[in-house]
Structures are given as structure tokens and as C-alpha cells.
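Novice: Residues per chain are reported as follows:
2 protein chains.
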Amino acid sequence: MEKSYPMTGGDGPCSYSKNSSLQHEAAERAKSSLVGGIVENLDIEHVTSLNTFAIADFGCSTGPNTFIAVDNMIEGIIQKLQRHGYSKLPEFQVFFSDHISNDFNALFANLPTSPRKYFASGVPGSFHGRLFPRASLNFAYSAFALHWLSRAPQELGDPSSPAFNRGRIYYPNAPSEVGEAYAAQYAKDMESFLGARAEEVVSGGLMLLLIPGRPSEVSLGPFFSLLESCLLDMAAKGLVSEDKIDYFNLPIYSPSIDELTTLILNNAHFSIARLDQLPQMPIIPLPSAKECRAGFANIITEHFGSEVIDELFDRYAKKHAEHPVVSAGEGVSSGLFVLLKRN
Amino acid sequence: MEKSYPMTGGDGPCSYSKNSSLQHEAAERAKSSLVGGIVENLDIEHVTSLNTFAIADFGCSTGPNTFIAVDNMIEGIIQKLQRHGYSKLPEFQVFFSDHISNDFNALFANLPTSPRKYFASGVPGSFHGRLFPRASLNFAYSAFALHWLSRAPQELGDPSSPAFNRGRIYYPNAPSEVGEAYAAQYAKDMESFLGARAEEVVSGGLMLLLIPGRPSEVSLGPFFSLLESCLLDMAAKGLVSEDKIDYFNLPIYSPSIDELTTLILNNAHFSIARLDQLPQMPIIPLPSAKECRAGFANIITEHFGSEVIDELFDRYAKKHAEHPVVSAGEGVSSGLFVLLKRN
Numbered sequence: 001m002e003k004s005y006p007m008t009g010g011d012g013p014c015s016y017s018k019n020s021s022l023q024h025e026a027a028e029r030a031k032s033s034l035v036g037g038i039v040e041n042l043d044i045e046h047v048t049s050l051n052t053f054a055i056a057d058f059g060c061s062t063g064p065n066t067f068i069a070v071d072n073m074i075e076g077i078i079q080k081l082q083r084h085g086y087s088k089l090p091e092f093q094v095f096f097s098d099h100i101s102n103d104f105n106a107l108f109a110n111l112p113t114s115p116r117k118y119f120a121s122g123v124p125g126s127f128h129g130r131l132f133p134r135a136s137l138n139f140a141y142s143a144f145a146l147h148w149l150s151r152a153p154q155e156l157g158d159p160s161s162p163a164f165n166r167g168r169i170y171y172p173n174a175p176s177e178v179g180e181a182y183a184a185q186y187a188k189d190m191e192s193f194l195g196a197r198a199e200e201v202v203s204g205g206l207m208l209l210l211i212p213g214r215p216s217e218v219s220l221g222p223f224f225s226l227l228e229s230c231l232l233d234m235a236a237k238g239l240v241s242e243d244k245i246d247y248f249n250l251p252i253y254s255p256s257i258d259e260l261t262t263l264i265l266n267n268a269h270f271s272i273a274r275l276d277q278l279p280q281m282p283i284i285p286l287p288s289a290k291e292c293r294a295g296f297a298n299i300i301t302e303h304f305g306s307e308v309i310d311e312l313f314d315r316y317a318k319k320h321a322e323h324p325v326v327s328a329g330e331g332v333s334s335g336l337f338v339l340l341k342r343n
Numbered sequence: 001m002e003k004s005y006p007m008t009g010g011d012g013p014c015s016y017s018k019n020s021s022l023q024h025e026a027a028e029r030a031k032s033s034l035v036g037g038i039v040e041n042l043d044i045e046h047v048t049s050l051n052t053f054a055i056a057d058f059g060c061s062t063g064p065n066t067f068i069a070v071d072n073m074i075e076g077i078i079q080k081l082q083r084h085g086y087s088k089l090p091e092f093q094v095f096f097s098d099h100i101s102n103d104f105n106a107l108f109a110n111l112p113t114s115p116r117k118y119f120a121s122g123v124p125g126s127f128h129g130r131l132f133p134r135a136s137l138n139f140a141y142s143a144f145a146l147h148w149l150s151r152a153p154q155e156l157g158d159p160s161s162p163a164f165n166r167g168r169i170y171y172p173n174a175p176s177e178v179g180e181a182y183a184a185q186y187a188k189d190m191e192s193f194l195g196a197r198a199e200e201v202v203s204g205g206l207m208l209l210l211i212p213g214r215p216s217e218v219s220l221g222p223f224f225s226l227l228e229s230c231l232l233d234m235a236a237k238g239l240v241s242e243d244k245i246d247y248f249n250l251p252i253y254s255p256s257i258d259e260l261t262t263l264i265l266n267n268a269h270f271s272i273a274r275l276d277q278l279p280q281m282p283i284i285p286l287p288s289a290k291e292c293r294a295g296f297a298n299i300i301t302e303h304f305g306s307e308v309i310d311e312l313f314d315r316y317a318k319k320h321a322e323h324p325v326v327s328a329g330e331g332v333s334s335g336l337f338v339l340l341k342r343n
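Here the protein sequences line up with chains A and B, keeping their order.
All residue numbers for the first sequence refer to the UniProt record's numbering, where the first residue is 1 and numbers rise by one.
All residue numbers for the second sequence refer to the UniProt record's numbering, where the first residue is 1 and numbers rise by one.
Excised from the complex, chain A in its bound form (with noise of 0.2 Å):
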């Protein structure tokens, strides 16, 4: 069974929607690609032969990063459009995506008023499975929510297994084990995903992915690190059991360029229109305490109970404080523009 773990809905001091910077300057650095990106590869066909322009954003979470998104969509299409000399634009149909406890009042309450572009839509489901009819997207999107997997792989908590992971709550710094079961974990993953987009994007549509990754052969460093220490820390003055921690495992993994690109043409439905490195900073900022509170504090009291929440951010708000930053070449992952066309 999938299990889903919605950043913190609602716009509350810890909610996804004031915790999202991080991911609001990856997306913003990627926006003349997404532009650009479109201008280059949508065709004009595809879109005057449209009364409506399907776009759907997957893991859209509750804003406002996805209706920045889909505005610089509009934006890349509109365009196109001008560029060829049409000014009749379509009607644009948004789909926002996520899964079911998603805090779909908290985004339709952040919606943008007028004047908005679009008419605007939540779909609730797992983007591991279908979740619209063949053939309807015109555009589909996702921004910094495929590293999710839709599980920890089970060997992990196997004390049989060879990828056991004992002490840890990730792969840096695991044997190879238990990178390796990371890594089919992710492989199904996306096979799962890119097969239901596969029949959901019309030929000629678009995907753009934002997708944090890693460079080839870099093992990903320390972007977690803080919340480990924290976890451990704890673990060693009683706080939370040892043992809990052996059997707790972020589902998240990021891919090295090659392994996903094998992925996509395993799907054999999509090309690759450009598949590159976001500009990367020299000096990555860690997640501070609320944003990872806001992406992590469900999964987290799942596993260890609401009460470790507070004192494990304060730590975690300390080890930040000392320690904000990590330099790119210590393995951090980096975000990587991936833009196919439906075949």
C-alpha cells in the first residue's frame, strides 16, 4: 500500500506554503528553461488546433510555487503563439495534483483571484497511478516531487537483509545495499509514473520534470544530515528509541543523470527534448528548521509520535544555525530540467 505524507497543509508559521523557498528559487532558475522549453519544442499545430489547453501540475502541494509555475507555462505558450502570429489563445484547464491528504482547501483558498488565466482544478490521487483520462493532458508538469517514492524499500527495515539500515534514516554513508534498493525502489517509482503519463499526455504533449538529482558517480551528501543528527542525538539521550530509528527511512531518493535518463527510454513513450542541470550556487543553503518541519513533520510523527516533533526542530533550529550552509562539491543534490514530448 502507498502511503502519502502531505507537506503541512494551511498557511500557518509551519505550513508548506511559508516553507517553500527553497524550492520557489529552484523553480524560479528554472524558469527561462520552462519558457524557453516550450517555445522550442511545443508544437504550433498542437496548439490551434485546441479549443482547450490541458495543464496538470503532479505533487502541486498547497502553493503558491505551482500557480507561479503554471503562470510561466501560460506564459511560454502564449508565446509560442505570438510568435507565429495567432492571438487567439486557447481556454487553459489547470489541474492541480496531489495526493488525497493534500490540503486541497488551503490551495483552492490560495488560488490567485482574477485576473487568472485558467479555470482551475484539484485532482486527488497518487501520481504512481492513472489519474485522468487518455490522452486528455496537454502539459504535464512536476516540480520537486518525484524524489518522493511512493515508500521506503522494505529491505530496510529487514534485519535479515543486507541493505538493513541500522542507525540510519538514508542512504549516504549506508553500504551499497542499501543505495541499491533506493535505487529500484525509485526505477519502479518512476516506471509507474511515466506509464500512466505515458496514456494520460496526448501525442505531441508536453512533461516538463523538475527533479532533484545528482551528478553521476556523486553519492548524495549531506542534505539530510541535520535531521539524522538530530534523530540520533535524541536516540542517545532516550528521547526516541534506537530501535524506532533502525526501522525509520526517508522515502526520497534523487537519481544521478544517467539512471534517469535510462528510466525514460525504458518507457520508450516519451523523448527527450532536454534533459540538464539547473544552475547550481556554489553555496547551497540547507533546509532551515520550518521548511523541513513543514515537509517532514507528518511522515516523522507517523513513525515517532507528535510529541518528538517540537524538540527535534528546536535541535534541529540549533545544528542549523551553527551549520547553514554546505558547499556543492560536498555531494548536495542538484535540480535537473528534464523536458520530454509525448511520441
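Keep in mind that a hint or two might mislead.
The list makes no distinction among identical chains, and a pair is therefore deemed to hold if it is satisfied within one copy or across any two copies.
What the hints assert, rightly or not - Straight-line Cα separation of at most 30 Å, DSBU-like style, residue types lysine-lysine; simulated pairs:
#1 K31 to K88
#2 K88 to K341
#3 K341 to K117
#4 K244 to K341
#5 K319 to K31
#6 K290 to K341
#7 K188 to K117
#8 K117 to K244
#9 K31 to K117
#10 K88 to K237
#11 K31 to K244
#12 K88 to K290
#13 K318 to K188
#14 K117 to K319
#15 K88 to K244
#16 K341 to K318
None of these hints come from the bench; they were simulated from the model.
Here the structure is a predicted model, which means the values were calculated and not measured.
Given the coordinates of chain A, assemble chain B onto it according to the supplied hints.
Specialist: What follows is chain B alone, placed relative to chain A:
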């Protein structure tokens, strides 16, 4: 500005999802007409030419009635196809639409799981305006939602107007100007509803409206009389101000068959496939305290404050125990079944 007063969300004891049995029974009585109306009026070529059959429910609230209705619609379409020897079904995409303040999280959590015959989506916004792209819907549905006006007529709160509605919260027993102000607001709202749907429903598509109406020439009676009388009792005891009652009017109206027919014909984009009264029982239950609270707690809270709610509905429950039903002859609204076809 249009205001919205959603049904009480969630699934607690005071929620709409647990207190909508009146609507449920009326929809049950409409089921065979719904299935029969589809079989009789849907063009078989219309269905067989589609990959996706798009259904929208306007005013869906949080379920479960909307899910039952959608299953009935799909059953009607399948029967139609089978009767003509088709075994291949289109894929169904269902849009559940209601005000932005509707509890979509509860709606999505209540969604039936497998086997579900359709892809589900939520669409937030007022059905008095456009919510969908042009010609994108094959079947529009609205059950017991169109009696909600976009607002109470403004004259009702104007002491200088002959329609000033002092000491009442509704139009029965009011001067004729009050009823006329209600009728005028209803006409305006239906005009915008039908205008928006005419753009969204594709030619050959159907629209089914279940509307609380009244037999022509009968003025509407006691459906909200318990609520009015409880508020007046509380005013007499100084628990709510009389002044506040003078400026509170339920934004609800039930048209006669003649009135509704005229409004539909004025629009000119729909033909009437069928318009008649749903079978009515001789004795009709008045809404219980819980049902009335699920529907009206939000609007009453906004005007009178949340502190009156418990007392008001305690009083309501007592009156209801003494007066739980009315006879059809007393002028209670009756359901109208309105099946339209887009020209």
C-alpha cells in the same frame, strides 16, 4: 459580491455529510427518472464519438449524495450503450464543483475507492459564473443547490423599500413585494447559471437540475418556519436583537414550474426534454435540528455570531419534536425534475 455559505464540512455529528438524508431521499426518488431520462434523451452518437465523457456536479457539497448521483448517471449511460449494442465504454471524468469554501478535503476523503468508474476532480467556485472551458462538459448536474441565491435581495434590508422584510427571515407571510424581490433575484441568478452552462455544455449534452420548486399559484409555506419562529422567540427574550432579524434573510428561493420554464426558454440554448414534479409524499418531514444546522450554521453564525448557535438549535429540536412534519397541502416545496438538452 457573491457570498458563500458552505454546508458544514467534515464528517462530525453536525456535518452535512451526516445530515443530508432529505436530499438523499429526494435524489433516490429521482433515480429512475435520471436513468430513464439519460437512456431516452442522450444521443448514442454523442457518447460513442467520445474518448472521455465529462460530468460535472454543481453544488456537490461533501458527499455522499453526489457520489450516488454520479453512479446513477454512469449507470444510465452504460444502459444506453448496452441497449445499442456497444460494450466499449468511454472513460468518465467527473468534476465535483462547489464554492471555494466547501470542504473539498472532506469530499476527497469521502470519495469511493475502487471500484470507482471515473477519474475524480474538484472544481472550486461559484456556479453563477464560468467554471469550465467552452463545450467541455457532456453532462451537467445540480441537485438541490440552485435554490441558494447568490445573495438575499438587497431591498429586503432597506427600511425605505416596500420590500423591507421586518420581523421575518423569508418570504412566506410577507407582503408581495418581498416575494417579488426574491423572484427577481432568482431570475437573475438562474440567468447567470444557465448562461455559464450554455457555454460549458457541448451541443447534444444534457443537463439535469433537481430544484426545490413549488406548484404554481401555491405560496411557499412552512419549510423554514421552525427556524424563523425560534429566532423570533430568542429575540423576544433578548437573546438576539430584533434589529438583526430585520436584516437577516435566507438567500433561498423555490420557483414555480411556470416561472422556471420561462427562465429556461429565455436562455434559448437549452431545450426542455422533461420538466415535472418529483413524486411527493402526502406527509413531509421538516428538516431536523441537525439537518437545519448542517445547512445553515455558517450563514447564521456570520449574521448573529457563533454564540447563538447551540441555543438556537436546542430550541429548534424541541419545536421539531412537537411539529416534525407538514402535509403537502400546506405549501411545502416539492422537487422539480428538469432535464435539458444543449441545442
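Novice: Against each hint, give a clear statement of whether it holds in the structure.
Specialist: Against the structure, the hints:
1. K31 to K88: within (24 Å within a copy, 43 Å between copies)
2. K88 to K341: both (24 Å within a copy, 29 Å between copies)
3. K341 to K117: For K341 and K117, both the intra-copy (24 Å) and inter-copy (29 Å) Cα distances are at most 30 Å.
4. K244 to K341: Close neither inside one copy (44 Å) nor across copies (61 Å); limit 30 Å.
5. K319 to K31: Classified as neither: same-chain Cα gap 32 Å, cross-chain 62 Å, threshold 30 Å.
6. K290 to K341: Answer is neither: 37 Å inside a copy and 53 Å across each miss the 30 Å cutoff.
7. K188 to K117: between (36 Å within a copy, 26 Å between copies)
8. K117 to K244: Intra 48 Å, inter 40 Å, cutoff 30 Å: neither.
9. K31 to K117: Answer is within: at 18 Å inside a copy they meet the 30 Å cutoff, but 38 Å across does not.
10. K88 to K237: Classified as neither; 66 Å inside a copy, 63 Å across copies.
11. K31 to K244: So K31 and K244 fail the 30 Å test inside a copy (41 Å) and across (53 Å) alike.
12. K88 to K290: Neither way: K88 and K290 sit 44 Å apart in one copy and 51 Å across, limit 30 Å.
13. K318 to K188: Close neither inside one copy (37 Å) nor across copies (60 Å); limit 30 Å.
14. K117 to K319: Neither way: K117 and K319 sit 44 Å apart in one copy and 50 Å across, limit 30 Å.
15. K88 to K244: Intra 59 Å, inter 51 Å, cutoff 30 Å: neither.
16. K341 to K318: neither (45 Å within a copy, 65 Å between copies)
In summary, the structure is inconsistent with hints 4, 5, 6, 8, 10, 11, 12, 13, 14, 15, 16 from the numbered list given earlier, while agreeing with the others.
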